[in-house]
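S.K.: The chain contents come next:
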Amino acid sequence: MSAALNNAVAFDTALLELHARLRTARTTLPLRSDEDVVGLRRHVRERAVALALSLVDQTKLVTAASELARNTIKYGGGGEVHLDALEDGFKRGIGLIFVDNGPGIADLDMALRDGYTTGGGLGLGLGGSKRLVDEFDIDSRPGEGTAVSVVKWKR
Amino acid sequence: MERIPILRMGDLLLVTIQVDMHDRLAMTLQDDLTERIVRDNAKGVLIDISALDLVDSFIGRMISNTAAMARVLDAQTVVVGMQPAVAITLVELGLTLHGVKTALNVEKGMALLGKNHF
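Quick note, the sequences are listed as chains F and P, same order.
Under our numbering, residues 1 to 155 are what the first sequence spells out, in order.
Under our numbering, residues 1001 to 1118 are what the second sequence spells out, in order.
What the hints contain is simulated information worked out from the structure, not anything from laboratory work.
C-beta atoms are modelled at their ideal positions from N, C-alpha and C, and glycine is treated no differently.
Hints may contain errors.
Some chain F residues close to chain P (C-beta under 8 Å, calculated; not the full set) [to be verified]:
| id | residue |
| --- | --- |
| 1 | Leu29 |
| 2 | Arg32 |
| 3 | Val37 |
| 4 | Thr59 |
| 5 | Val62 |
| 6 | Ser66 |
| 7 | Leu124 |
| 8 | Gly125 |
| 9 | Gly128 |
| 10 | Asp134 |
Input sequences plus hints: build the corresponding full structure.
M.R.: Written as structure tokens, this is what we have:
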């Protein structure tokens, strides 16, 4: 599953490169159903607690994960998420990469704007999650898929 | 099917959300609450979210929609007990729960619904 997705589309963003360079461990989880979203939230919360993120930062990261996971399922037709433990010198963080093989996002600028939605939602998922994390990057290929990567550093 | 229990107290409906809500569960609660407002002739709905460690845009929308539906059905909704970290995250996400009354705890929520004498 993981290899299939990664081989299908060679996503390429600066943040994905950063992940590859700084990661010390990776867990990959499927994103197919509502229950998977709940499972991911729990997993991210555990990681954030283990890293001793502040309660506010934990909540922000878990909320961003929930939004992006729902996007992967609802708009991307399902996919998977990689959870990376990141280390950059003394800095430690958590990185998440959401990957799908869905239709892609035609207009990224529009999609990042608050209130813009094609799915009848509130249109806060992408733009909102961006505000909740320290780093945010997105690569989308129409007809091929979308990869969204985010990082939260321990302060 | 998994459901969140709704308790009736006089003309109030009380809901305490104590599970990690997935989207279907949130929708079911919204439907159940709307139905119970009519069936029980309820004038107020109190939703306790003190056990929720996350309110994302979906749960936030469910809360807003429930409050709006209740209003149309002549009932008031008060959301109580939101954790500070959840409030900070919610606003940063861009959600303001417009039109939803909030209170710090159940007691203050009851007072807001005009039920001071339980």
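S.K.: Next step is simple, just say for each hint if it's right about the structure.
M.R.: For each hint, the structure was consulted:
1. Checking Leu29/F against chain P by beta carbon gives a least distance of about 15 Å; that is not within 8 Å, so the hint is violated.
2. Annotation: Arg32/F was flagged as interfacial toward chain P, and the flag is violated, the nearest CB pair being 13 Å apart, outside 8 Å.
3. With a least beta-carbon distance of about 6 Å to chain P, the hint placing Val37/F at the interface is held under the 8 Å criterion.
4. Among the interface hints, the one on Thr59/F holds; its C-beta lies about 4 Å from the nearest C-beta in chain P, closer than the 8 Å criterion.
5. Given hint, Val62/F at the interface with chain P, holds; its Cβ is 5 Å from that chain's nearest Cβ, closer than 8 Å.
6. The criterion of a C-beta within 8 Å of any C-beta in chain P is met by Ser66/F, whose closest approach is roughly 4 Å, and the hint holds.
7. Hint on Leu124/F holds. Least Cβ distance to chain P is approximately 5 Å, under the 8 Å limit.
8. Here the hint on Gly125/F is kept, as its CB sits about 6 Å from the closest CB of chain P, short of 8 Å.
9. Interface restraint check: Gly128/F against chain P, minimum CB-CB distance 4 Å, threshold 8 Å, status holds.
10. A cut of 8 Å between beta carbons decides the hint on Asp134/F: the least distance to chain P is about 13 Å, and the hint is violated.
The earlier numbered hints that this structure contradicts are 1, 2, 10.
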